[in-house]
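K.L.:
So the protein sequences, as listed, match chains A and B.
Numbering-wise, full-length UniProt numbering puts 58 at position 58 of the first sequence, and it's gapless, one number per residue.
Numbering-wise, full-length UniProt numbering puts 55 at position 55 of the second sequence, and it's gapless, one number per residue.
Hint data in this document are derived by calculation from the structure and do not stem from the laboratory.
Computed from a predicted structure; not experimentally measured.
It is possible that some hints are incorrect.
Chain copies aren't distinguished; within one or between two, either way the pair holds.
Taking lysine to any residue and the SDA-like style, the derived pairs with C-alpha atoms no more than 20 Å apart in a straight line are [as the list claims (entries may be wrong)]: (1) Lys100 <-> Asn86; (2) Lys113 <-> Tyr16; (3) Lys21 <-> Val170; (4) Lys94 <-> Glu129; (5) Lys76 <-> Leu29; (6) Lys33 <-> Arg78; (7) Lys113 <-> Gln14; (8) Lys33 <-> Ile60; (9) Lys94 <-> His105; (10) Lys13 <-> Val170; (11) Lys13 <-> His105; (12) Lys79 <-> Glu130; (13) Lys73 <-> Val170.
Read off the chains here:
There are 2 protein chains.
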Amino acid sequence: MGNDSIFMGASTKQGYDIASKSREIVRSLIADKIKDLSPAEQRIVERIVHSTADPEYADITEISSNFVDESIKAIKARKDILTDINMVKVGINKYEGEIKCYISHEDAIKLAKEEQITRAAAAMRIAHEEGFDGIIVIGNAPTALFEAINLVENEGMKARSIAGVPVGFVGAAESKEALTKTKIPNIITQGPKGGTPVAVAIANSLIGLEKLD
Amino acid sequence: MGNDSIFMGASTKQGYDIASKSREIVRSLIADKIKDLSPAEQRIVERIVHSTADPEYADITEISSNFVDESIKAIKARKDILTDINMVKVGINKYEGEIKCYISHEDAIKLAKEEQITRAAAAMRIAHEEGFDGIIVIGNAPTALFEAINLVENEGMKARSIAGVPVGFVGAAESKEALTKTKIPNIITQGPKGGTPVAVAIANSLIGLEKLD
Numbered sequence: 001m002g003n004d005s006i007f008m009g010a011s012t013k014q015g016y017d018i019a020s021k022s023r024e025i026v027r028s029l030i031a032d033k034i035k036d037l038s039p040a041e042q043r044i045v046e047r048i049v050h051s052t053a054d055p056e057y058a059d060i061t062e063i064s065s066n067f068v069d070e071s072i073k074a075i076k077a078r079k080d081i082l083t084d085i086n087m088v089k090v091g092i093n094k095y096e097g098e099i100k101c102y103i104s105h106e107d108a109i110k111l112a113k114e115e116q117i118t119r120a121a122a123a124m125r126i127a128h129e130e131g132f133d134g135i136i137v138i139g140n141a142p143t144a145l146f147e148a149i150n151l152v153e154n155e156g157m158k159a160r161s162i163a164g165v166p167v168g169f170v171g172a173a174e175s176k177e178a179l180t181k182t183k184i185p186n187i188i189t190q191g192p193k194g195g196t197p198v199a200v201a202i203a204n205s206l207i208g209l210e211k212l213d
Numbered sequence: 001m002g003n004d005s006i007f008m009g010a011s012t013k014q015g016y017d018i019a020s021k022s023r024e025i026v027r028s029l030i031a032d033k034i035k036d037l038s039p040a041e042q043r044i045v046e047r048i049v050h051s052t053a054d055p056e057y058a059d060i061t062e063i064s065s066n067f068v069d070e071s072i073k074a075i076k077a078r079k080d081i082l083t084d085i086n087m088v089k090v091g092i093n094k095y096e097g098e099i100k101c102y103i104s105h106e107d108a109i110k111l112a113k114e115e116q117i118t119r120a121a122a123a124m125r126i127a128h129e130e131g132f133d134g135i136i137v138i139g140n141a142p143t144a145l146f147e148a149i150n151l152v153e154n155e156g157m158k159a160r161s162i163a164g165v166p167v168g169f170v171g172a173a174e175s176k177e178a179l180t181k182t183k184i185p186n187i188i189t190q191g192p193k194g195g196t197p198v199a200v201a202i203a204n205s206l207i208g209l210e211k212l213d
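Construct all of the structure, not just a fragment, from the sequences and the given hints.
P.N.:
Here's what the structure looks like:
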């Protein structure tokens with residue numbers, strides 16, 4: 001079924017036809033905005049716009065120059081992918097490595113209560129305690145992104161890259177701006193917008209890019 | 001933790017503070033646009049905007065007059081909730097009834113291949129064959145929404161209501177417009193936008209509304 005299928009995640013003939021037509025429309029809408037990105041970066045942004053039907057993501061997505069290379073390297077080595085919430089976890093498919101999420105883990109629930117932090121932030125700490133090494137994908141909670149940055153910068157957490165696209169009017173924009181100021185290879189969406197479909201689109205793009213590589 | 005907690009799904013003090021602040025911001029952004037809706041409908045739209053950080057949803061969300069009442073009745077009776085994809089399923093929480101999704105069911109995969117339809121559409125047929133009776137929540141696939149409408153109108157599928165918010169540039173707008181022309185109690189988002197967070201926000205709002213009722 002060719003590259004469009006890998007690119008868009010279609011698994012049947014009808015699904016492929018839809019993905020292919022959608023790709024054409026997405027390209028017609030945002031081609032000009034993404035023309036200075038690398039082909040791999042273009043694919044990521046196209047998939048975000050395909051998944052959200054929101055061309056504004058072509059304006060607000062910001063990718064650090066080393067994000068794609070470092071992420072593909074981690075994907076090839078089958079490093080873990082850590083997500084903040086289960087919705088993001090179940091959306092990522094066709095990965096031969098492990099996808100982890102600790103938000104429902106009893107230690108995260110306990111830690112959140114003890115420390116008066118969100119469960120999503122506590123889940124990042126548990127992942128680090130468990131020796132996490134891989135790509136972090138945050139589609140929901142700004143508190144998880146702030147905590148991941150803290151753990152990488154101050155506690156030696158091994159994040160090969162971070163897809164930081166939490167959503168919301170409280171803290172999301174600030175958490176993403178903080179990520180761009182680190183040396184961690186990253187992708188973000190500026191401002192309050194982001195979310196599960198954006199996070200999933202990025203992760204599945206990276207997995208698809210490895211297959212094309 | 002009060003109504004804001006039920007409304008936004010927060011489970012810790014910090015989560016509650018964020019939800020509460022977010023609710024204030026959402027209200028300041030869209031209060032005028034939703035002032036003619038019922039309080040229950042306002043809560044649904046507020047939660048969609050909270051989940052997506054996208055105030056445009058206050059303009060494009062359309063709710064049939066019987067949607068809330070019929071949905072709450074079904075929730076109270078612990079009728080099943082049927083989702084098109086697993087991402088939507090795992091996002092719905094605190095429901096004491098069953099949440100079903102057949103997209104990974106082997107019969108749906110087989111049927112999709114045989115009939116050359118999408119797996120999401122095949123999954124709707126399998127649900128009907130299994131005797132589904134409840135609320136249908138579609139956050140991704142226009143083909144699933146078209147098939148659900150067909151099954152309700154022509155095959156006697158029991159949908160108490162449909163939250164039809166598939167996303168994409170191919171078929172999504174048309175499938176949602178088709179839903180509004182039926183007699184099925186429904187909520188849609190006009191145009192290509194919609195998606196998992198919108199679907200999950202609607203379902204969790206309905207579950208929260210029952211608790212407040």
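K.L.:
Give a verdict on every hint.
P.N.:
The hints, checked one at a time:
1. Lys100 <-> Asn86: both (9 Å within a copy, 16 Å between copies)
2. Lys113 <-> Tyr16: Between copies only: 13 Å across, 46 Å inside.
3. Lys21 <-> Val170: between (36 Å within a copy, 7 Å between copies)
4. Lys94 <-> Glu129: neither (27 Å within a copy, 29 Å between copies)
5. Lys76 <-> Leu29: neither (32 Å within a copy, 44 Å between copies)
6. Lys33 <-> Arg78: neither (32 Å within a copy, 48 Å between copies)
7. Lys113 <-> Gln14: between (47 Å within a copy, 10 Å between copies)
8. Lys33 <-> Ile60: For Lys33 and Ile60, only the intra-copy Cα distance (10 Å) is at most 20 Å; the inter-copy one is 25 Å.
9. Lys94 <-> His105: between (24 Å within a copy, 17 Å between copies)
10. Lys13 <-> Val170: between (42 Å within a copy, 15 Å between copies)
11. Lys13 <-> His105: between (39 Å within a copy, 18 Å between copies)
12. Lys79 <-> Glu130: Within one copy only: 14 Å inside a chain, 40 Å across chains, cut-off 20 Å.
13. Lys73 <-> Val170: neither (33 Å within a copy, 34 Å between copies)
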